[in-house]
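Each chain, written out:
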Amino acid sequence: MLELPPPLLTLDGVSHGPRTLHDASLSLYPGEVLCLVGKSGAGKSTLLRIAAGLLPPGKGRALLPGGVSLYELPEQVLVSLRRRRFGFVAQDAGDTLDMAASAAANIAQPLFDNGERHFGRALAAARRWFAALDLDAARLGDRPGVFSGGMRQRLQIARALVHGPEILFLDEPTNGLDTAAQARLLTLLSDLQRCTGVAMLLVTHDLRIARLIAHRVLVLEAGGVVEEAPPDRLIADPRHPAARDLVAAMI
Amino acid sequence: MTETFAYLDEDSKRAVRRTILKALAVPGYQVPFIAPEMPIAYGWGVGGMVVTASLLGADDRLKVTDHGSDETVNAVNIRAFFTRTAGIGTTTRTREATIVQVRQRVPEAELVERQVVVYQVPRPDPLRAFVDSAVEAARMHAHADYGRVYTRLFEEKTGSHGAVQPGYDYPVLVQGRYLMSPSPVPKRDNVRLNDCPAIQIFGAARERRLYALPPYTRVESIAFEDVPFDPGLPEDGRRCVVCGCGESHLDHLLLRDDGMSEWVCSDTECCAERADA
Ligand SMILES: [Zn+2]
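Sequence order for the protein chains is A and B.
Using this note's numbering, the letters of the first sequence correspond one by one to residues 1 to 251.
Using this note's numbering, the letters of the second sequence correspond one by one to residues 1 to 277.
Since the hints were derived computationally from the structure, they do not count as laboratory data.
Please note that the accuracy of each hint is not assured.
Claimed, not checked - Short derived list, chain B residues pointing at chain A, Cβ under 10 Å: (1) Arg139; (2) Leu153; (3) Ala223; (4) Glu235.
What the hints assert, rightly or not - Each computed SDA-like pair below joins lysine to any residue, with the alpha-carbon atoms no more than 20 Å apart: (5) B:Lys157 - A:Gly120; (6) A:Lys39 - A:Glu228; (7) A:Lys39 - A:Arg194; (8) B:Lys157 - A:Gly141; (9) B:Lys157 - A:Ala124; (10) B:Lys187 - B:Arg239; (11) B:Lys157 - A:Arg139; (12) B:Lys157 - A:Arg117; (13) B:Lys157 - B:Arg188; (14) B:Lys157 - A:Arg143; (15) A:Lys39 - A:Gln182.
Glycine included, C-beta positions come from ideal geometry on N, C-alpha and C.
Whole structure, please, built from the sequences with the hints as guidance.
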């Protein structure tokens, strides 16, 4: 039997709030796309933020390889670890993008936050990631406010990947996009995942998105993980009522 | 009323000198500092005057400039204040001065080891242009978390909306460690802060900060590794109408009847020396 590499990230029995999240656990493996699927209020975004080092859980631990416990690190160590090893794509681009800065500056900022001090290298990286996300090089100097919703999400993804993180966290990245823009974004994400090998933890309420991109799906319901399966198996044979509801909602 | 030497009582002066020593021990670091009251309003150089008052001895000679000029109302008033309260001698010649209190310029004349330059500073923390919170700014300084400063610089070179860095108060990095405001001096003066033989002390009374540069401190203007700092040298063809110099930092003098601009050296001492030569 193939031996699994150790997980990049493990959540061990995390809880948050009186009802938001209860004793949830997951492991994310290198190069894996793991989707957290559930209805709104199921606790997906809370779980994602805990995993991303953005929200300390009330109970439980977030562990990195070597047994490093994320929320037991000194604040500044956590900040610099998050900047170096994680990327985060929010549902609302305004949560991660600086709307007063150019697209180029938005992409380059994680490099400068990680100590880059070379203009040419930063500009080349911004151009490269702009192109990788199918954005028009002529618009590098524009501010995100004049971009379409789909372009803003792609800009967020470029910014979240530019520094070569190990894990990309995505919170409903296709929300508010029309079907064509959704499909385009998911194709890009799949391609980028394959060529960078970055692991992804993606939150969605829509099992169709999970089917297009996930290797493995966790179904959340009322703050707990109720089912875990590869997407095809889950869609063909949902076992928990919450999973059956999600499959029914696909049509 | 009993007259105290240089206005402040000895306890207050000792407290200021202790702050100065702390600041010299960690070059470029902003030491919290509560300035004793002076008989002038904030914005007129309380921070600088408190430092000068705490350092002055009977043998000192004081030079005071404002925008490089010995003759502005502010410079004249500060000189007169210390002549009255400390009975010390004053001078307009940098080489004769032991303490040079300035605002808006670094002296153009050569500075030497026995001297102290005192700067008046309105906004001591360059990071406050990026974050509203003083606590967050302190955290960023503590961890040399200066990525945002370089992002801003990058933005200016790539954005089509050009938020252009001002030509003055351009931030510097001290000994490769602390980001520091040079006070609102022209960008080109930044190079004079570097490796300076004199002690340089920066006082911001209203913002309650004091910081310092010991002699021969490495002071670099913020720049990318591959794009050198541009000190913004003077435009071609502009010359001082008094001394004819085209190299020094020039101030707008007035509009002549024909609408043409006239320019004059901002540093009056160096201008007068050139005019006399
Ligand atoms: Zn002149």
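Verification of the hints:
1. This hint holds: Arg139 of chain B has a C-beta 8 Å from the nearest C-beta of chain A, less than the 10 Å allowed.
2. Here the hint on Leu153 of chain B is kept, as its CB sits about 8 Å from the closest CB of chain A, short of 10 Å.
3. Evaluation of the Ala223 of chain B hint against chain A yields a held restraint, the C-beta minimum of about 9 Å falling below 10 Å.
4. Below 10 Å, beta-carbon pairs count as interface contacts, and Glu235 of chain B has none with chain A, the closest being about 25 Å; its hint is therefore violated.
5. In summary, the hint linking Lys157 of chain B to Gly120 of chain A is supported, as the alpha carbons are separated by about 11 Å, within the 20 Å threshold.
6. Between the alpha carbons of Lys39 of chain A and Glu228 of chain A the distance comes to roughly 15 Å, so the proposed pair stays at or under 20 Å and holds.
7. A hinted pair counts as satisfied when its Cα atoms are at most 20 Å apart, and Lys39 of chain A with Arg194 of chain A does not qualify at roughly 28 Å.
8. As the CA atoms of Lys157 of chain B and Gly141 of chain A are separated by approximately 9 Å, the hinted pair is consistent with the 20 Å bound.
9. For the suggested pair Lys157 of chain B and Ala124 of chain A, the alpha carbons sit about 13 Å apart, so the restraint of at most 20 Å is met.
10. Distance restraint check for Lys187 of chain B and Arg239 of chain B: the Cα-Cα separation of roughly 19 Å lies within the 20 Å cut-off, and the hinted pair is therefore satisfied.
11. Distance check on the hinted pair: Lys157 of chain B and Arg139 of chain A sit about 14 Å apart at the alpha-carbon level, within 20 Å; holds.
12. Our distance criterion of 20 Å between C-alpha atoms is met by Lys157 of chain B and Arg117 of chain A, whose separation comes to about 14 Å.
13. In summary, the hint linking Lys157 of chain B to Arg188 of chain B is supported, as the alpha carbons are separated by about 19 Å, within the 20 Å threshold.
14. About 14 Å separates the Cα atoms of Lys157 of chain B and Arg143 of chain A, which keeps this hinted pair within 20 Å; it holds.
15. Distance hint between Lys39 of chain A and Gln182 of chain A is fulfilled; the C-alpha atoms sit about 19 Å from each other, no more than 20 Å.
Hints 4, 7, counting from the list given before, are not met by this structure.
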